[in-house]
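Asker: From first to last, the protein sequence lines stand for chains A and B. Using the numbering used here, the first residue of the first sequence is number 1283, and each one after it goes up by one. Using the numbering used here, the first residue of the second sequence is number 425, and each one after it goes up by one.
Please keep in mind that the hints were generated in silico from the structure rather than gathered at the bench. Errors might be hidden in some of the hints.
[To be verified] Derived lysine-lysine pairs resembling DSS-like cross-links, with alpha carbons at most 27 Å apart: (1) Lys1394/A <-> Lys591/B; (2) Lys1403/A <-> Lys609/B; (3) Lys609/B <-> Lys1401/A; (4) Lys701/B <-> Lys1394/A.
Computed from a predicted model, the values in this text were never measured in an experiment.
What follows is the residue order along each chain.
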Amino acid sequence: MKPIYLDNNATTRVDPAVVDAMLPFFTEHFGNASSIHAFGSEVGKALKKARSQVQALLGAEHDSEIIFTSCGTESDSTAILSALKAQPDRNTVITTNVEHPAILTLCDWLEKEGYIVHKLKVDKKGRIDMDEYKSLLHDRVAIVSAMWANNETGTIFPVVEMAELAAAKGIMFHTDAVQAVGKIPIDLKNTKIDMLSLSGHKLHAPKGIGVLYLRRGCRFRPLLRGGHQERGRRAGTENSASIVGLGMACELAMQKMEFENTEVRRLRDKLEKGILNQITHCFATGDVSNRLPNTSNIAFEYIEGEGILMLLNKVGIAGSSGSACTSGSLEPSHVMRAMGIPYTAAHGTIRFSLSVYNTEEEIDRVIAAVPPIVAQLRKLSPYWTDKGPATNPEAAFAPTYA
Amino acid sequence: MWEYSDKVREHFFQPRNSGPLEDANGIGDVGSIQCGDALRLMLKVEPETDVILDAHFQTFGCGSAIASSSALTEMVKGKTLDEALTISNQDIADFLDGLPPEKMHCSVMGREALQAAIANYRGEVWSDDHEEGALICKCFAIDAVMIEDVIKANGLNTVEEVTFYTKAGGGCAACHEGIEEILAKVKSDNPGMGETSPPAACPATPEAPKPPTKKLSIVEKIAKIQAVLESVRPMLQRDHGDVELADVQGKKIYVHLKGACSGCMMEAATLGGIQQKMIETLGELVQVLPSSHMPVEA
Ligand SMILES: Cc1ncc(COP(=O)(O)O)c(C=O)c1O
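So here's chain A without its partners, still in its complex pose:
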């Protein structure tokens, strides 16, 4: 049976049209865009086109605001480090405690280096408290960095409004929009967002290509210094084939935006309802009324995520989990903990993330496959009995030490 891929927030398949657009840039138009000869100038033209394709998807005012990087992580690091370097009198970063490690690990390191990092807390649904946010905006803040959409739950942050509030206080605003770009409409020229990160492999372009959007006039310090590529803002010979691929992927995402927000959303909702209706003791996590159209994250209580994934994988279904076991740490996902999801459920969270390639038939198969898997694992669980969860799971299962 054909495998079903529902892990598109992890990475996506490169669209065949993107591959076609890229291929000539390996063997035919392999020149260096900086060269004078014809080999180079072909590449230069292609980069210009790709830049305008990205510009269009982001709704950026100028194509020079698009800086190509190697990945989302590089864009995130560049944005935050640039803000701190360019404003040495400001030592504080505001972010949230549900960011991707590309932000959080960097911020933890910045704290060790002596910077002050405020991580906004989120509520049960993964929403930040705007009053807390406003109270933290002061003149020592170098930059606010908040993700546009959460990779685990799809929850959308009000980044446009947050950027307005930051701008009113003269504070730079960055958003990690790696999960949002291509899935929801973005129109940067009508916002106060100064910097935005995106990553090609989340929108059907290849891995290893990203973008940092940098608003014209925003103070900047490069991360990589060297040649004059990207106007000296990001040195290193351009990854021309991938840049061309990303441009094509952005154009396709533009065309499919409507479909993503109607048809993909419908399939996601069908999947989620189909699972929740058939299984007791499970619930959708995050802000279900305000999230990406493709993401559903379901917590199955009293079982552990890795087992679910292995059994799903056996029947050809690919998802992901926020359980501790799949991440190599002993704690379940920081996003689930930040939302206060109880331990009885946090270990059993499964993320299904769709793309425009998923079909109704696939979704029907998944809806049929999940209930027996959950039942099978619950039968193994000491916290579960024939009649449902052990009445007081903590007491029913009592280790001799405690």
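Following the hints, complete the assembly by docking chain B with the ligand onto the known chain A.
Answerer: This is chain B with the ligand only, laid out in the frame that chain A set:
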């Protein structure tokens, strides 16, 4: 996903002996839902012979936790209790053709459940003797609690020393930052004598101590050692104890711990604290040991 052996996968997909065991007479529960792993092992033991007639399990946990539980039930069936108790966590892992280092704790949990179930059958109380922290060194499967304990017990100051004592950090070097953090944490938690640190193991001998920066004469060295002991003495006396230098043999400094310090729970930690000061003062890696550890003269 993890690289599981075929045997692990097989025991996960077709677990043996799962579910409650009606007439079990020895039950061991270990783990908890908080830490993501919990295992109940149920044994049916024949009282006349002490032979395990049947074994079942219920497990909340990842694929390898379920596979380890299933393997364990197969391994113990037909064994006497004493035979079963010789099964180590490595035996469980070997039975499954190995586990990824991050997953070795699943086999440890299996062994603990076995001990707990047998203790339950015998009417004894079983107590957990190991605590587990986040995995720091993936090359050698060393966790944070282990590293912290060894740092405290031996007054370690550098990543290099931690590597000598625990192997952690001796492989790919990816965890050096993590080890530095634990070193910093121990230092800030314990600026003085380590009075609050948990009882720790006897300090181990480092395999390859760092060379001294500048060689002290033996007289200078002993004077410095005495000065360190003087500086910690008031603290020990406050707790009705005392310390005295017994001998210095190369890199080993033997001390008599007296009064309340000697033999107390904190002895190892106290020695660790003294050792840390010695290392700082002497500028070389030395080991502080109780005089009872002195080699007997021939
Ligand atoms: C929200 C978010 N930010 C950043 C990244 C990192 O992107 P990349 O893999 O391109 O470095 C990811 C991808 O996992 C992501 O989901």
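Asker: Please go over all the hints and tell whether each is borne out by the structure.
Answerer: Comparing the hints with the structure gives:
| no. | hint | verdict |
| --- | --- | --- |
| 1 | Lys1394/A <-> Lys591/B | holds (26 Å) |
| 2 | Lys1403/A <-> Lys609/B | holds (25 Å) |
| 3 | Lys609/B <-> Lys1401/A | holds (22 Å) |
| 4 | Lys701/B <-> Lys1394/A | holds (26 Å) |
Violated hints for the displayed structure: none, as all numbered hints are satisfied.
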